[in-house]
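Peer 1: Given chain Y's structure and the hints, the job is docking chain U onto it.
For the record, the sequence lines run as chains Y and U. Numbered by UniProt numbering, the letters in the first sequence go through residues 1 to 389 in order. Numbered by UniProt numbering, the letters in the second sequence go through residues 1 to 389 in order.
Hint data in this document are derived by calculation from the structure and do not stem from the laboratory. Nothing here was measured: the structure is a model prediction, and the numbers come from that model. Everything hinted at is true.
Here are the simulated lysine-lysine pairs, BS3-like style, with alpha carbons at most 25 Å apart:
(1) K311(U) <-> K294(U)
(2) K280(U) <-> K10(Y)
(3) K299(Y) <-> K385(Y)
(4) K336(Y) <-> K38(U)
(5) K10(U) <-> K60(Y)
(6) K331(U) <-> K38(Y)
2 protein chains.
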Amino acid sequence: MDIPAPEILKKPLEIPNKILMGAGPANVSPRVLHAISKPILGHMNQELFQIMDEIKEGIKYVFQTRNDLTLAISASGHAGMEAVMSNLLEPGDKVLIAVNGLWGVRASDMAGRYDAQVVKMTANMGSNFTLREIEYYLQTESPKLLFIVQGETSTGVYQPLEGIGSLCHRYNCLLAVDVVASVGAVEFLMDRWEIDVAYAGVQKALGAPPGLTIISFSPRAQKVIFERTTPIKVYYWDMKILGQQWNCYNNVRPYHHTTCSALLVGLRESLAIITEAGLKNWQQKHKEGYKQLKKGLEKLGFEFFVDDESKRLITVTSVVVKDFDWKELVKCAMNKHNVEIAGGLGPTAGKILRIGVMGYNANPYTIDYVLNALKDALNHSRTYKTAKL
Amino acid sequence: MDIPAPEILKKPLEIPNKILMGAGPANVSPRVLHAISKPILGHMNQELFQIMDEIKEGIKYVFQTRNDLTLAISASGHAGMEAVMSNLLEPGDKVLIAVNGLWGVRASDMAGRYDAQVVKMTANMGSNFTLREIEYYLQTESPKLLFIVQGETSTGVYQPLEGIGSLCHRYNCLLAVDVVASVGAVEFLMDRWEIDVAYAGVQKALGAPPGLTIISFSPRAQKVIFERTTPIKVYYWDMKILGQQWNCYNNVRPYHHTTCSALLVGLRESLAIITEAGLKNWQQKHKEGYKQLKKGLEKLGFEFFVDDESKRLITVTSVVVKDFDWKELVKCAMNKHNVEIAGGLGPTAGKILRIGVMGYNANPYTIDYVLNALKDALNHSRTYKTAKL
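Chain Y with its partners taken away, still in its complex shape (with noise of 0.2 Å):
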């Protein structure tokens, strides 16, 4: 043999129990771990293609929609992006993208990397968009889709949908929305706002491990997919085929790429979690959560990126890097508390602090348990800070 044994992997695994109060992914409940560590299924069988059927049950409550191509990709969250991209747009043709974090920027580059033609539409970082603003756009550039984000994890920001997909729709115009860091956690009406495409990581306010991407488009989508003249590029987000796998357009299921059993059981009880609970009070907990963690950092001094409240996405809260060193704080919250906080993303790099309130997390003992940790953290930092003057 040329390549010895690693002597690396002779060590025990040892996994340390953090919180992760970052922008996700989030704790997963003992139940759910509990549930991914039971035997493993084939990817043909009954027993799984009936975990399948129930998971498009809970996606279908989750998102509010009837849709039947609804499923989960065996891949995380910019997976359903790409998904988005290479099933409903072909080459030439115009996507009309909002930016106002880095959401947009990546869904810009993957819908270029597709041959469509990219027209951005930006807000100010902190900011979300207008019905307005969104209407001159389709009047002037008439797009064959619109991409928007309903939480922009980057900046904090929640974006409201209610009145864009009808918007959408007089000017012959498909909407998708990324709600990977906001469905679960705050109101979300696929069918009735007319969301042609939407999906989701699971990892954030579902409270799964990571791994999957659940998706759902409308009939008019489907439609434009179908009707397609050029193949989609991709065959592992092919929607044609894989829609089959999951039982979406009639009754065969053939094989179109390996499932993960492990990670599908995980999806079920985080959406049967859910479902025990009720949707309505899995929003609320989050709520709460969110107010709870506003005032616990409003009284530590934190200023709030997003001035304007309404506009403040609840399952990340970005706060402004200032009179502290973000990079000691992160460290310190991490390494003496097992508190995991995230820095900026992309264009706030930096710039902000990103404090997530997400599915298992949602609760007041967890919450106080990190405002504790923050407090801590804030002043070893203002003193490192201090000390570097």
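Peer 2: Relative to the frame of chain Y, chain U by itself:
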């Protein structure tokens, strides 16, 4: 709320304990199942970066390579195939694909989606390719890339790889190999055999849960990726940026996507188990498992689909469907004995049965149990067929 809470999610979760002896996934060891139920880690946590580094060493060991660009993609095995095509091929590039079963067909489909010029080199189902045949195609077609499968699970055929790499390089062609169902169980010497890219699912001989694909690119392949004149279509498996997150190029680890710590921890443990056993012993255990299965199948009167034993893939043994009803056999094995046996796939559907011996299941007790189940299921399915006549 328009969509009420789904009643189906209020039932308790029930996961049966099956013995997965199809073409994968196989069962995973309790140690791996225990590991994946540990607390979730954030994708930017140092502890997870450490686990990713350990996984890289483990992949280098099982692939027998020193390649820097070695990592795991957060998606199932098909993603490995698609990553090969989308990273190494540009529109118009010629790719030679060895087709002797489903995987060559699938690879041709994917390469076509990325606008490559696809040339197929075919062999009979149940057979493989000689160096002479390969050289003829390299000489007459001058492809940029040759794609070939070491373990063709749809037929149970093994492809010897020694000599193909140097042959390809003599004709200025890259060599891509699918080792999804073979690595860990049969000899695979990536560097010595001059292979430019190889990928594998982890849910087969490596003993991890499905959901990740491991992949490695030679410096020659890496150079081709970095010298592309057109962008890589797919963000999710763009090795230029994914390789950064896996620390393959330098010491920055920018955020590319949210990895799944549970699956990474599971893969780490499965690689640790192989490291502790020793790769040679791990392969030997598969060889012995195959021999035991073969002897038992012969005793039961099964006829092997791959006549020439030197062409048989030891992880997936295929037998001919003849004097029994194959659907009844599969159903009886599953319903009465909890044993999953696979039917044919794609071109072999209805013609063969496939029995896998992989990873945790490659042990004498499991194989003995499965042979007993097969005996009963065969009797049942013979009686069923006779009664139908």
